[in-house]
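2 protein chains.
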Amino acid sequence: MCNSGVSSGWELHPQLARDTIAIGDLTLSRVLLVADANYPWLLLVPRRSGLVELLDLDEADRAQLMSEITRASRGLKTVTLCDKLNIAAIGNIVSQLHIHIVARRRTDSAWPKPVWGLPSRVYDPADLDRLVNALHCELVAD
Amino acid sequence: MCNSGVSSGWELHPQLARDTIAIGDLTLSRVLLVADANYPWLLLVPRRSGLVELLDLDEADRAQLMSEITRASRGLKTVTLCDKLNIAAIGNIVSQLHIHIVARRRTDSAWPKPVWGLPSRVYDPADLDRLVNALHCELVAD
Numbered sequence: 001m002c003n004s005g006v007s008s009g010w011e012l013h014p015q016l017a018r019d020t021i022a023i024g025d026l027t028l029s030r031v032l033l034v035a036d037a038n039y040p041w042l043l044l045v046p047r048r049s050g051l052v053e054l055l056d057l058d059e060a061d062r063a064q065l066m067s068e069i070t071r072a073s074r075g076l077k078t079v080t081l082c083d084k085l086n087i088a089a090i091g092n093i094v095s096q097l098h099i100h101i102v103a104r105r106r107t108d109s110a111w112p113k114p115v116w117g118l119p120s121r122v123y124d125p126a127d128l129d130r131l132v133n134a135l136h137c138e139l140v141a142d
Numbered sequence: 001m002c003n004s005g006v007s008s009g010w011e012l013h014p015q016l017a018r019d020t021i022a023i024g025d026l027t028l029s030r031v032l033l034v035a036d037a038n039y040p041w042l043l044l045v046p047r048r049s050g051l052v053e054l055l056d057l058d059e060a061d062r063a064q065l066m067s068e069i070t071r072a073s074r075g076l077k078t079v080t081l082c083d084k085l086n087i088a089a090i091g092n093i094v095s096q097l098h099i100h101i102v103a104r105r106r107t108d109s110a111w112p113k114p115v116w117g118l119p120s121r122v123y124d125p126a127d128l129d130r131l132v133n134a135l136h137c138e139l140v141a142d
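Quick mapping for you: the protein sequence lines, in order, are chains R and V. Take the first sequence: its position 3, counting from 1, is numbered 3 in our numbering, and each next residue is one higher. Take the second sequence: its position 100, counting from 1, is numbered 100 in our numbering, and each next residue is one higher.
One thing to keep in mind: the hints can contain errors.
[Stated by the list, open to error] Computed list of lysine to any residue pairs in SDA-like fashion (alpha-carbon distance at most 25 Å, straight line): (1) V:K77 / V:A22; (2) R:K84 / V:R47; (3) V:K113 / R:Q96; (4) R:K113 / V:T107; (5) R:K84 / V:T107; (6) R:K84 / V:K77; (7) V:K77 / V:E11; (8) R:K84 / R:D127.
[Claimed, not checked] Pairwise CB distance ranges, derived in the manner of DEER restraints: (9) R:A17 / V:D129: 30 to 38 Å; (10) R:D127 / V:V132: 28 to 36 Å; (11) V:E11 / R:W10: 40 to 48 Å.
Source of the hints: derived by calculation from the structure; they are not laboratory data. Cβ coordinates follow ideal geometry from the N, Cα and C atoms, glycine included.
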């Protein structure tokens, strides 16, 4: 969480803070793990104030976000060996721009449906620690 | 539909063809309108064979896709004056890489839920003609 720069005036939306565990910061985005043991599920939240749509980013930030989506997707796939990635910017409930990257398995509880709006499941604390550490090492540690 | 180049060996997945109306081709992607009158709903399908994940695109194509997502999102917003855009790459059922760009209104039948997996509604033919023409002019006509 020590990257400098882009966050002036930016604050993570309280509902996103409540529903997630922080993994770390990339150049533009904060990386969060959604607290739902049904699926390894990341959020990328660009640390710029007032963003709602992808269109609200300037071109350089949009390119940076695509690069960070790629990095996070690759890392999540490496850590989870998932069958499919689901990537989305929805924001109908929490408007602060956030990108979902969900590691899906053909055996998960929602497959093949999307995961939004379904009941969540609490992580076993040891499993959560292992996953957070693995994601931190893969995605944000230098 | 006259752009040259990227399509060698590529074919649109039959289910995507069945569920949509073609709007036209951008440099990389075919633009389709989903035949569901509940929400103006575009698909972008990069015309490269064998793509499943965003990660399967090379870096230049990923940048081009982000540029086309931006163009299509802006055009869809201009044409529909929607309240929110929902953008996603899911592909759990049809694996051929396709990007959803959905124009949402706070008054639409699914709001605030995502649109996937819900019953569709048939377009009035005149409304469909008008929308397809407006999208074609805004998104793909030079």
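Hint check:
no.	hint	in the structure
1	V:K77 / V:A22	holds (18 Å)
2	R:K84 / V:R47	holds (20 Å)
3	V:K113 / R:Q96	holds (16 Å)
4	R:K113 / V:T107	holds (24 Å)
5	R:K84 / V:T107	violated (32 Å)
6	R:K84 / V:K77	violated (29 Å)
7	V:K77 / V:E11	violated (28 Å)
8	R:K84 / R:D127	holds (21 Å)
9	R:A17 / V:D129: 30 to 38 Å	violated (47 Å)
10	R:D127 / V:V132: 28 to 36 Å	violated (49 Å)
11	V:E11 / R:W10: 40 to 48 Å	holds (44 Å)
Taken one by one, the earlier hints fail for this structure at numbers 5, 6, 7, 9, 10, listed in ascending order.
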